[in-house]
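> Now for the letters of each chain:
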Amino acid sequence: MPTIAMPELQFGEVFANIDLFLEACGLTLALWAVALAAGLSGGLLVGLARLSPRRWIAWPARGYVELFRNTPVLVQLIWFYYALPVLSGIQLPAFAAAALALSLNASAYCAEIYRGGIQSVAAGQWEAGRALGMGRLRLLRRIILPLAVRRMVPAFTNRAVELAKNTSVASIITVHELMYTARLFSSQNYIPMETFTVVAMIYFLLIYPFTLASYALERRFAAGRA
Amino acid sequence: MGYVWDFFAVARNADILLAGLGQTMLLSVCGIAVGVAIGGVLAAMRLSGRRTLSWPALAFTEFYRNTPPLVHFFWFFYGLPMAFGLTLPPFAAALAALGVQSAAFFAEVFRGGILSVETGQWEAGRALGMGRARLMRRIILPQAARRMAAPFVERSFELVKTTTLAAALAFHETIYSAMVIVTQTYRPLEVYTVVAGLFFVVLFSASQLAEWLEARGRRAGAR
Amino acid sequence: MTVAGDVVLQVEDLHKSFGSTEVLKGIDLSVRRGERIAILGSSGSGKSTLLRCLNVLEMPTRGRLILDGEAVGKPAAGGATRYREAELNRLRARVGMVFQQFNLFPHMTALENVMEGPLSVLGRSRAEARRTAQRHLERVGLGGKADAHPARLSGGQQQRVAIARALAMDPEVLLFDEPTSSLDPELVGEVLGVINDLSEDGRTMLLVTHELGFAYHFATRILFLHEGRILEDGPPEQVLKSPREERTRRFLDRFTAFRF
Ligand SMILES: Nc1ncnc2c1ncn2[C@@H]1O[C@H](COP(=O)(O)OP(=O)(O)OP(=O)(O)O)[C@@H](O)[C@H]1O
Ligand SMILES: [Mg+2]
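Chains as they are written, first to last, in the numbering used here: chain R, 1 to 226; chain C, 1001 to 1223; chain A, 2001 to 2260.
In short, the hints are calculated from the structure, not lab data.
A few of these clues could be false.
[Unchecked claim] Stretches of chain C that chain R covers, calculated by requiring three or more beta carbons in the stretch to come under 8 Å of a beta carbon on chain R:
no.	segment
1	1064-1074
2	1166-1177
3	1186-1194
4	1200-1211
[As the list claims (entries may be wrong)] Using 25 Å as the maximum straight-line C-alpha spacing, the simulated SDA-like pairs for lysine to any residue come out as follows:
no.	chain 1	residue 1	chain 2	residue 2
5	C	K1161	R	Y180
6	C	K1161	R	M201
7	C	K1161	R	E162
8	C	K1161	C	D1015
9	C	K1161	R	T197
10	C	K1161	C	F1200
11	C	K1161	R	L67
12	A	K2025	A	A2071
C-beta: ideal position from N, C-alpha, C; glycine also.
Produce the complete structure using the sequences and hints provided.
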């Protein structure tokens, strides 16, 4: 039997360089914010397109959503990393590819949340609005979306969490965010166990508030429905 | 614009890609098995009603649900073995990371399904004098299983997509195979377009199949 | 062993609290074999809680429960009682319960619902369980619905299956908690009819109900519960027509439409 040495952990060295990791959080947060904002706005458009009675609008929207939901986010990131220079003809930083891929990814998922939320509003609300003589868009803005949003918020919070985790994949296409910094640091200092443990904790601290918020919102929603 | 697509470069290396896809499937199936096993234990701990069991399980699931899987892939491949002066093959490290991470999600699927069964069902079973284990097996689980099916399938699809991160550990799954082909052909756009297409075909048809089965199950359940 | 008239179920000084609110404030009750007891009382008076303590679906906070002369559970500190899981399961197998919401197992047919207890608790053979289940379904007038799932049955039919399910255990005591309260008015009669037919078995039954007319004809004894205490206990004639307490009179006055 091989003897297994008890590890001597050197967390001190990681904490001595903690500013390195905290700086890298900046890019992680930037990716997260860009993709989330794009997802919330683009997702609404795509979600509405999916609900359109016109096939030539609804079907491409469905194709887009299915495409992004049924392929790994890593493939999406790598694809845009290579495709962007070819399609645009200019060399763009990896960050642009990552931001674009994550934004499109988030939009696809958010579209489904919008669609589900809007469909969950009872048909009676649509009828009541139409009976008042409201047009489709006004009805949507003044009646349906405000009703639907309450049910969608927990799902969006959940999506924000998934998105935050996805930003780490950008490290594979050399975006110098938190995960990339961690890999670099651990290979330079030969303390991967300590590095990845601390980095996991940093991610947890960034992400967990969103999860707690979604719990609180779900509870409130459940109480409001009763 | 003058980009000339050349998919023949990919076609010539199709065998590499398909072998990679096979490894992706293998890792997925093993990951689901490990995740379901650990997830089942975690769910049982959380539902045990004992704090000494439920709190550690809660901490575990919350930690793994709220941290990126990629960190865990690296932790299991580089971190854990190096701390103990060992090496783990990429497959084992990827499987460990995937299993542990997905276990946290599967645990929530199981727990949610069980909690969704009305308390009246528990009471009716207890009123007949059924013990906890038998009640669980005969009354609660059959009903919970139906409600778990859809989220279980969804989690499994997420897991399949997550297996691609094993490429970062040089495990020869689909993406890593794609990287190999790219270094030989320098046709990244074509290669990754095909890879995306492969995943899409596999996952989309599987999800359509799952939806169809689910609808059939629902109809059968509403007899 | 099964002499009509001996005490089958007894509770002494039964208390039950949820958190800081005491719902049952000391119940003493002695049930003789073959008695049919209707329990009345306004909403929140603790009727369901009392019934659920009798088969220990709720753990009493204090007091003793004696079934067939045997005390259930072991005394613990502070007047409380400790119950063992296996002991409770044995007790519940002998004390049947019919719920307001039926609580049928939706993934099983009517027949399988009725078979479940004998099969998995009493350890009967499948063939025997099937035979007795079929017999009990016929008894409640649902012999033809054996293969239907609960979702395909009306509320009244579901409740009759639930009664058959409880009967299949051949319980010494059968508890009913407002068995008709969640039924459409036109379905109430068929369920009460089935319960009334059970009288001829001489089985001990306790029934929480708001159907005063039915209670009058069906019960051999009526309890009136008020704020966690038994305020009235006697034959239907006496309790319903000349109650001792002002509270009871006020409660009965609210049922103006009720005729004997
Ligand atoms: N599990 C519980 N947790 C907290 N309070 C409870 C619980 N069950 C019952 N109670 C409270 O105990 C009191 C008595 O409830 P119980 O259900 O026994 O009344 P009841 O006489 O059956 O009324 P009803 O006619 O409405 O069924 C009520 O105030 C109720 O709110
Ligand atoms: Mg009640």
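> Taking 25 Å as the top limit, are the C-alpha atoms of K1161/C and L67/R close enough?
Holds, at about 13 Å.
> For the segment 1064-1074 of chain C, do three or more residues have a beta carbon lying closer than 8 Å to a beta carbon of chain R?
holds (count 9)
> Examine the segment 1166-1177 of chain C: at least three residues should have C-beta closer than 8 Å to a C-beta of chain R.
holds (count 3)
> Hinted pair, alpha-carbon criterion (25 Å max): K1161/C, F1200/C. Please report holds or violated.
With a Cα-Cα distance of about 10 Å, the restraint between K1161/C and F1200/C holds, given a limit of 25 Å.
> Are there at least three residues in the segment 1200-1211 of chain C whose beta carbon sits under 8 Å from a beta carbon of chain R?
holds (count 4)
> Holds or violated: are the alpha carbons of K1161/C and Y180/R at most 25 Å from each other?
Between K1161/C and Y180/R the Cα gap is close to 20 Å, so the pair holds against 25 Å.
> Within a Cα-Cα threshold of 25 Å, do K1161/C and M201/R meet the stated pairing?
holds (24 Å)
> Under the criterion that the straight-line Cα-Cα distance not exceed 25 Å, is the pair K1161/C, T197/R satisfied?
holds (24 Å)
> Quickly compare the C-alpha distance for K1161/C and D1015/C to 25 Å and report which way the hint goes.
holds (21 Å)
> Please verify whether K2025/A and A2071/A have alpha carbons no more than 25 Å apart.
Distance of about 20 Å is within 25 Å: holds.
> Taking 8 Å as the C-beta cutoff, is the stated coverage of the segment 1186-1194 of chain C by chain R satisfied by three or more residues?
holds (count 4)
> Within a Cα-Cα threshold of 25 Å, do K1161/C and E162/R meet the stated pairing?
With Cα atoms ~13 Å apart, K1161/C and E162/R stay inside 25 Å; holds.
Violated hints for the displayed structure: none, as all numbered hints are satisfied.
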